[in-house]
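Each chain, letter by letter, is given below.
Number of protein chains: 2
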Amino acid sequence: MKWFIVLSLLAASVSCAQQPAGPSTETATQPTTHPRLVMTPTDVQKIRSQRHQAPLFTTSLDAAKAEVDAEIALGIDTPIPRDYSGGYTHARHKKNYAVAQKAGALYQILGEAKYASYVRDMLFQYADMYGDLPLHPKPRSYARGKIFWQCLNDANWLVFMSQAYDAIYETLSKEERDTLESKLFRPFADHISVASPQFFNRIHNHSTWGTAAVGMIGLVMNDDALIQRALYGLDLDNFSDERDNDGGFIRQAGQQAGFFANLDSAFSPDGYYTEGPYYQRYAMYPYLVFAQSLSNAGYAEQAFARSNGVLLKAVETLIQLSDSDGEFFPLNDAQKGMSLQANELVTAVDIAYQASGDPRLLDIAQTQQRVLLDGAGYAVARDIAASKTVPFGKSSVAVTDGRTGTEGGLAILRAGNDNLELVFKYTSQGLSHGHYDKLSYSLYEQGHEVLQDYGMARFVNLGQKGGGNYLPENSTWAKQSIAHNALVINETSHFQGQYDIGSKHHSQLDFFDVQNPAVQVVSAIESNAYPGSSMRRTVALLNLSGSTSPVILDVLEVQSESNNQYDLPFHFLGQVVETNIELAPASPTTTLGKAHGYQHLIVEARGDVKGTAPGNTKFTWLNKGRFYTLTSTAEPADELIFTRLGANDASYNLRRDPALILRRNDTSDTVFASIVEPHGSYSPINELAIDAQSNIKQLQVELNTTDYMVISLTTMDDQKTRLYLAKNQESGMAHQLQINSTQVAWTGPFHLVQKVTP
Amino acid sequence: MKWFIVLSLLAASVSCAQQPAGPSTETATQPTTHPRLVMTPTDVQKIRSQRHQAPLFTTSLDAAKAEVDAEIALGIDTPIPRDYSGGYTHARHKKNYAVAQKAGALYQILGEAKYASYVRDMLFQYADMYGDLPLHPKPRSYARGKIFWQCLNDANWLVFMSQAYDAIYETLSKEERDTLESKLFRPFADHISVASPQFFNRIHNHSTWGTAAVGMIGLVMNDDALIQRALYGLDLDNFSDERDNDGGFIRQAGQQAGFFANLDSAFSPDGYYTEGPYYQRYAMYPYLVFAQSLSNAGYAEQAFARSNGVLLKAVETLIQLSDSDGEFFPLNDAQKGMSLQANELVTAVDIAYQASGDPRLLDIAQTQQRVLLDGAGYAVARDIAASKTVPFGKSSVAVTDGRTGTEGGLAILRAGNDNLELVFKYTSQGLSHGHYDKLSYSLYEQGHEVLQDYGMARFVNLGQKGGGNYLPENSTWAKQSIAHNALVINETSHFQGQYDIGSKHHSQLDFFDVQNPAVQVVSAIESNAYPGSSMRRTVALLNLSGSTSPVILDVLEVQSESNNQYDLPFHFLGQVVETNIELAPASPTTTLGKAHGYQHLIVEARGDVKGTAPGNTKFTWLNKGRFYTLTSTAEPADELIFTRLGANDASYNLRRDPALILRRNDTSDTVFASIVEPHGSYSPINELAIDAQSNIKQLQVELNTTDYMVISLTTMDDQKTRLYLAKNQESGMAHQLQINSTQVAWTGPFHLVQKVTP
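Chains A and B, in that order, are what the protein sequence lines are. The opening residue of the first sequence carries number 1 in the working numbering; numbering runs sequentially from there. The opening residue of the second sequence carries number 1 in the working numbering; numbering runs sequentially from there.
Worth double-checking, as some hints may not be accurate.
Copies of the same chain look alike in the list, so a pair counts if it fits in one copy or across any two.
[What the hints assert, rightly or not] List time: in silico SDA-like cross-link candidates among lysine to any residue, alpha-carbon distance up to 25 Å:
id: 1; residue 1: K610; residue 2: S651
id: 2; residue 1: K336; residue 2: L688
id: 3; residue 1: K594; residue 2: Q496
id: 4; residue 1: K755; residue 2: Q743
id: 5; residue 1: K618; residue 2: R656
id: 6; residue 1: K94; residue 2: D132
id: 7; residue 1: K313; residue 2: D132
id: 8; residue 1: K94; residue 2: N686
Just so you know, these hints were derived from the structure itself, not from any lab. Just so it is clear, the structure is predicted and the values come from calculations on it, not from any experiment.
For reference, chain A alone in the conformation it holds in the complex:
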């Protein structure tokens, strides 16, 4: 609470603080008419006269009209704020700003006065209430709002209400504007900025919303001081000891602040947002609408041009980070099911299209089946109607993490007719929403999860589940290493599950090569998750003889100064079909451990590998009509452990999902080599089981030295494939190796030989 005292002193003076020295002096071109944010008078004219050329625009307009008309009929309600995100007042105020923004757009496009009146009446109701509002009564946030329990939602409100106000600005008298601005908008903007610097002056999606909100209302009111505050932040001391509700740092020493500083540092040069796609989706909205508003206002320095055009790259990357159904890969804290269908993505795609003209974006817009009610949305709808669409064509891709692209990254391998997608993570921590999941991967086929990333333990806005906020199990389970397809040493999460340590490190890409669609490989190294141990994981999508789908080869090498217990989980989804190891039910059923997520795992069954010939464990499961087999190299003392999530969770905050854990005891240096093999199909309608058996006869680590590893895979038709991996290689280095009597020479980090002669 201590900064509140400091800040109330600052509040009066800061709004006239000097503009920080920016790279160029910003001056507005002083537009004399409204609207001027996401829509311009020229846009309005074009839409009014040429709307018939853009049927998807009309569809979207009709939908908005139906929604707004229903709300107008219902009457305006601006209840005294009371609830967390699951409750009525939260939902009502949220709905208000969304509807007001749409009503403003309807007024501009249709010219019907009732929409302007509706917005005006709502704004005056807020203006009458706002002056007397104390802080929101719910105390949980590190930065409490007034309309909502956190400043973040207040900032959402202002981003949308700025647009509503902008749309009806010209319909109001000067007196009306003065009333709204003095009683509502200026104190509102001050509360989320000067009165809440711990919220406003960060490098974080919260501050992106906060700065965009202040900047946008500043643009509407033509208030350059507010615009400068938004673009460059408050000139304040640091808050380096403070944490937010998620445990993230408020601000670190020496950081710049403001919208531009956020834009410059939030994305890697490849447009990857370090918190992951779920939060990237959330952050894109204020980035893009404020960027477009600055563009429409004709500011000298444009947001779209900053950092080498990273905003538009970020839209491209965000689309790449979705599965074949358009759902985002749930990396770090992320609610599953969020997808390209979200409103934020309609905004992102439409604005990016207007800025870039990339016709592949029209392909995504077509799946969304709606557009923004502004110039950008019109352009998209018009060009779809004019058949300018080009297939987006998601591809295998690696993106860097970190502001300068030097903090690890993320790779997606894509292949096959069944849309096999493998997401391999070797990023930095991902700020306070990051998970302890170094070198983990998840696997998708036809948009279905095969090996899942759990996502977050939260039901956003569902009041009965912890007020719709993060649940305790997000920390105790979802963030932990064992919750991911990641190696866990001695039942302890990476970096001991400590954010301060994790934030200092990142994994390192070894190599990424997708030149040959039949042999796509990515490899990365993690040396800091466990002091004294290092891990290298190489995953490859391979086409094998006799297999109709590509298979995943997964080679995880660990080197350690000590003997350890290694757990390698596979979070499969579906029905167990069979294992080649006899399983014994755990009785009485116990949890797998005490902490680091292990306390949530019930042991269902165990199997001892013992002398399983030929040294491979095999596990087949069935999910959504498709078979999958995991074939793994095994040591005689290894165990298979089948677990079920849900121990110590009488509130049922967690899903009851299964996992298979490969456990190796009392070992230092070792290799886990596995194949994940999609095969065949089962239909309950024709009751045919096709190719229900694995096509892998044997998987072997044939050689493992300081410099090289050689893995061989033999299929049922006795065809052998060898993958040669060079460790510690430098780019373009030549290698030579002999196995049995066969000599092989190659250049680069790996080499694949099919149809090996014995």
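The hints should help you fit chain B onto chain A, whose structure is shown.
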């Protein structure tokens, strides 16, 4: 094995056994040309000349052509029989007869000789092999086949191969026909009939297949002895002590046998098949193709006309027994996912349409998107193209069980825009595939399971799961009462889970009234499942004030001579949202019991009701974006028990599904009243939770006497609804009752009063 000895003596003599006295003497009209089974020369002519009028026929023809051409390219393989249903030889022979049947149809329609040659070559390969074949080497069946491990599959083979032979009959020389008939078809027909009377001479779907197979090959060969054998069975002694592999009786004293006897007794007068829709689907194929073959052959007595036209009623009923996605309700032994899309249903719908001309069947055919390659399929495709389709319109319906319709039955209540479907079961045992699930119900919304029926524990044709056959857990779990939404007394299944006892009894319909779509009610009584106890369950779909969807009111009254433990399970699917009772995790986790299915249930959490105001327990869950709340009247000593399936199942033959069990201890007469309430929605894309809370404020049993029960429901807007139930009432009886100062009079078994004044 003992009947084998008897039968080998009988085998030689029986094929010339006298024809049993049928209701009329059957004489064939001696058709002189082929084809004469499912297709006639007239059909062929019409199809050849008018195919352009039926695009769906052409689509189906093209698909068959592609499949058969690929098989012709692959070459014919008739391997020596070896495997159970999961294995290669089983799948290959199955594929052979399916492809041969299609190749025959292609020959007739396209006139291309290569299709006739393909069928001929395959038949001769079988003829060469068949004579030397011993019984199939796999010993598991009570009636072993030669091509397959059971006679049932051999009969499938002959039903299809008869059609293939029929199609190419005219292309063969007399010598070729003699060879095929003497080396293949006659011994084949004899093996599944005279050599396997325990298979052939039953009232069971096995015998339906067996008799149809023998009858159809008899029709092709114009062999009246075979046709008579098929229609009227073998004249043999009973096999009343024998059981089949499912524990069912081979044959009971005094039963008739043969195709007609099966037809007469398999269905209730309403067309319900006592084993349930999954097996009805399976049995419909031989019933309909043989019926159509008899019709095409011009037999005096027609199968379609028998038993008041029950075959066509059965098709109608079968369609009614599917959910809004077209999947069959998985009553008794049934694999989930089987649907109107199955090949057998294409056959059923097309043949029924040809026989009845009911244009609602075209609606189903349109969803199937394919038709039979014969006259029936042509008629369907032509009439769809001619826009004769009428919506099928599934409705609330009650069907009787038992040959005379006096052995209980099944009711389906349907209501609401979200396709709420409740399936209430008060049938007889359902032969050897029946489950111990008296007065249970399952619930569906938009084709999703809300309260599930587990179905069967079997993965049909998936070799790795017990050879694709029934798994041990089908008996130890799936058939048991606790596996259903059915009351279980003292941890013992209905009829002690004993088939012999269960087969003697059936439940009794009390009343069924769906006149008013806003108040649909069904009630039934079970007096034999537990000696000394009787149960009456009344379920109603009600529209309530303030609820956007209908709710289910479920009133289960039990009367008993002794004090008992009662368990009422609700097999919900989805994520637990909340309960109004505090739950404690079970630790260490234990199974709920030792037998009758309880040994497979892991206790996850328990809650004690104690003094929960206002005497209601509440449980809300979330499934597929929809909320559901169960509100139940509770006694202070009641317990809520949350369970998870899967204990004592290290082979993972069972799904890990949840259930909530309401437990009441040490009680004799009592009432369980519950409301199951679908409400609101949750979307992970807009992250909005709409109407996430129950609309039920209170549920009360206000009165319970020998003659009457009164239940009241109060919604959140304080509107009270009362349901008056008259027990022991006779049709049209008038009732009068006073509660507080309110006097109510009505006629009939129930009376609903909305907006009760307090």
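Hint check:
1. In the homo-oligomer, the alpha carbons of K610 and S651 lie at most 25 Å apart only across protomers (19 Å), although the nearest pairing inside one protomer, at 39 Å, exceeds that limit.
2. For the homomeric pair K336 and L688, the shortest alpha-carbon distance between copies (14 Å) is at most 25 Å, but the shortest distance inside one copy (32 Å) is not.
3. In this homomeric assembly, K594 and Q496 come within 25 Å of each other (Cα to Cα) only inside a single copy, at 14 Å, whereas the closest approach across copies is 42 Å.
4. For the identical chains of this complex, K755 and Q743 are intra-copy neighbours only, at 15 Å inside a copy versus 89 Å across copies, given an alpha-carbon limit of 25 Å.
5. Taking the shortest alpha-carbon separations for K618 and R656, both the intra-copy value of 23 Å and the inter-copy value of 21 Å come in at or below 25 Å.
6. Taking the shortest alpha-carbon separations for K94 and D132, only the intra-copy value of 20 Å comes in at or below 25 Å, while the best inter-copy value is 79 Å.
7. With identical chains, the CA atoms of K313 and D132 are never at most 25 Å apart, being 44 Å at best within one copy and 72 Å at best between copies.
8. With identical chains, the CA atoms of K94 and N686 are at most 25 Å apart between copies only, with a shortest distance of 12 Å across copies and 49 Å within one.
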